[in-house]
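Peer 1: Here are the chains, one letter per residue:
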Amino acid sequence: MAFTDMRSWLLDESPASRRQARWGRIFRISLAFRGNALAMVGLVIVLALIAMAAFAPWIATHDPIAQDTYARLRPPSAANWMGTDELGRDIWSRVVFGARITLAIVILVAVLAAPAGLLIGAAAGYLGGWVDRVLMGITDIFLSMPKLILALALVAALGPGIENAILAIAITSWPSYARIARAETLTFKNADFIAASRLQGASSLRIVVGHILPLCTSSMIVRVTLDMAGIILTAAGLGFIGLGAQPPLPEWGAMIARGRTFILDQWWVATMPGFAIIVVSLGFCFLGDGLRDVLDPKSGEKH
Amino acid sequence: MATDTPFPDASPRAAPKRGSGGVRSRKAALRLGGIVLSLVITLLGLIAITFFIGRVVPIDPALAVVGDRAPKAVYDAARVQLGLDKPLIVQFVNYVKAVATGDLGMSVSTGRPVLQDLKEVFPATLEMATLGILIGIALGVPMGVHAAARQGSLTDQVIRVVGLAGYAIPAFWLGLVGLAVFYARLQWVDGPGRVDIAYDGLVTPVTGLMLVDSLLAGETDIFFNAIGHLILPASILGFFSLAYIARMTRSFMLDQLAQEYITTARVKGLPERIVIWRHAFRPILVPLITVCALSYAALLEGSVMIETIFSWPGIGNYLTVALLNADMAAVLGATLLIGMVFIFINKLSDALYNVLDPRAR
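Sequences listed follow chains S and A, in order.
For the record, in the first sequence the residue sitting at position 37 is 37 according to the numbering used here, with numbers rising by one throughout.
So the number in the numbering used here is just where the residue sits in the second sequence, counting from 1, plus 303.
Honestly, the hints are just simulated from the structure, not real lab data.
Incorrect hints may appear among the rest.
Unchecked claim - In silico contact screen, one side only, chain A against chain S (beta carbon under 10 angstroms); selected entries: (1) Pro-426; (2) Leu-477; (3) Gly-642.
To be verified - Restraint-style ranges between C-beta atoms, simulated for each label pair: (4) S:Gly-210 <-> A:Ala-351: 32 to 40 angstroms; (5) A:Ile-565 <-> S:Asp-12: 41 to 49 angstroms; (6) A:Pro-445 <-> S:Ile-59: 54 to 62 angstroms; (7) A:Gly-531 <-> S:Val-279: 30 to 38 angstroms; (8) S:Gln-20 <-> A:Ala-351: 46 to 54 angstroms; (9) A:Phe-527 <-> S:Asp-265: 26 to 34 angstroms; (10) A:Ala-501 <-> S:Leu-38: 31 to 39 angstroms; (11) A:Gly-496 <-> S:Pro-76: 29 to 37 angstroms; (12) S:Pro-76 <-> A:Val-339: 52 to 60 angstroms; (13) S:Val-111 <-> A:Gly-496: 40 to 48 angstroms.
Here a beta-carbon is modelled for each residue, glycine too, at the ideal position from N, C-alpha and C.
Kindly generate the complete structure, drawing on both the sequences and the hints.
Peer 2: Structure, rendered in structure tokens:
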């Protein structure tokens, strides 16, 4: 009884309050999202990643950095689900703890790059004129650079390490967000509600922060989620070359690098962390595609 | 067409005659001029970025030259010699001049000018990336067309999976697995390196491309050996470009096949093969060229990871070795070269689009 009441309250065509309208919108989006099987798979993978990161000590079967030289390079078994590496460390436990590093990387890059791109793009779009030209000129220069190479050179200059890798990836990924934010801003810029708040005396800063940025968020969420796979691959690549996370941190890319020497005989050392990267990247791709379909249907591929 | 010159006034067709042809070619010339201008600005931007990266290095370049026990006078002399006592903007202008004349500094690890190093390693990368893109185009375009023509067929499903895999699989991981499977287990291909050690150094580099040089020297043994070494890394690069090219081809083709003129062609009773290849495929050629060019530029970048796996003596390997030795002159030189080629291909594909697409003309 209460449930059907709730449902009809949420799906009401003419909501009586702002709260009802907002919850109704969220409910409709979640209904559409639940109908998309791949998107749900993506959501499950991403939630699993978060759970793994949060409860790593309980999910892992061993200590991720405890060495046991008697148990070196053991193949996958009931005791060591993904085998052990050259120092006798349990690979499954290292993959589980590696989820923390991967999650930290994607969250920090998103937190650094997305707001920076948003602000730059919104400022360029709203202010127009020479501000627009200068900001977009810089954005275009960054956009036409090879991202990975730029990140490599930046990390080389800043020094190897996970913090610098995150910074370098963020520096190379803000431009695409700036482009999107600018395009979105241009579509709202001349709307009546913006003009109304300008007539009420709102400053440019207030209009951009209070009215324009909130309208860009849904396309930004979609874009950031779709970019996650690329961010994970770049971070793993930096780790693989030895410029990202430093040992003994169980970063997936660095783990593959260590297993490189044993790839011909002890294949599991390098392969297992690779599967983790693939599954998580796929998860973000599926989730991003699903979010785009429900949040931003215009920009999607038609087919 | 006034396409050979970026300046509209220099073109005879762009004379201020009131004809639609003149106006149109004038527009095209202006657009091409814009592309050339943006190429120059972007290249300057790239140089500015590498200059900036060179300046944020915590290592003092003068200290790196003289060592940290040198007396102050020697250290100061080194600073003056390297131009580090001048204002930043003067240093930047000097840096641009140096880059323009091909002076990229000396590599600390090889002890040779960076430009000379780059000239030697670049052909190896070019050879691998070129074979990679050829594989990607040769397989990706037909697969994409086929998938669009038969939506939901096996090819269509395969392309969907391959497209996702291209997004989600780390290239270096696929390289390692490929090496383990095709080299170690199946022994279908040869291992890391450009040729077997026995053949190493037997061919005098003319173009630097092993396949061309061995044929020029008439050494067919070495040619086939080089193919055996090249095929796996090139196929792995090709896989990533295939994933992108097939997906884009499919999407372009679906757009065309939904058009009314296709229905007309079918109603006329033309065989499906002709409808697809002669009617629907032609219009997508121009955007496809852009896609392939972008994919080629991405391959040059992607080869960095693959080269470290396959001990391929190209620019990627050079870059990673320099990175680990903190050899900044070499790092920045390699970054500049890869960046320039990348930007150049990007802008070239822009320009090609403008020249080839009749609507943009």
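Peer 1: Could you run down the list of hints and mark each one as holding or not?
Peer 2: To see whether the hints hold, each was checked on the structure:
no. : hint                                        : verdict
1   : Pro-426                                     : violated (19 angstroms)
2   : Leu-477                                     : holds (8 angstroms)
3   : Gly-642                                     : holds (6 angstroms)
4   : S:Gly-210 <-> A:Ala-351: 32 to 40 angstroms : holds (35 angstroms)
5   : A:Ile-565 <-> S:Asp-12: 41 to 49 angstroms  : holds (45 angstroms)
6   : A:Pro-445 <-> S:Ile-59: 54 to 62 angstroms  : violated (45 angstroms)
7   : A:Gly-531 <-> S:Val-279: 30 to 38 angstroms : holds (33 angstroms)
8   : S:Gln-20 <-> A:Ala-351: 46 to 54 angstroms  : holds (53 angstroms)
9   : A:Phe-527 <-> S:Asp-265: 26 to 34 angstroms : holds (29 angstroms)
10  : A:Ala-501 <-> S:Leu-38: 31 to 39 angstroms  : violated (51 angstroms)
11  : A:Gly-496 <-> S:Pro-76: 29 to 37 angstroms  : holds (31 angstroms)
12  : S:Pro-76 <-> A:Val-339: 52 to 60 angstroms  : holds (57 angstroms)
13  : S:Val-111 <-> A:Gly-496: 40 to 48 angstroms : holds (43 angstroms)
The structure does not agree with the numbered hints 1, 6, 10 stated previously, though it agrees with the rest.
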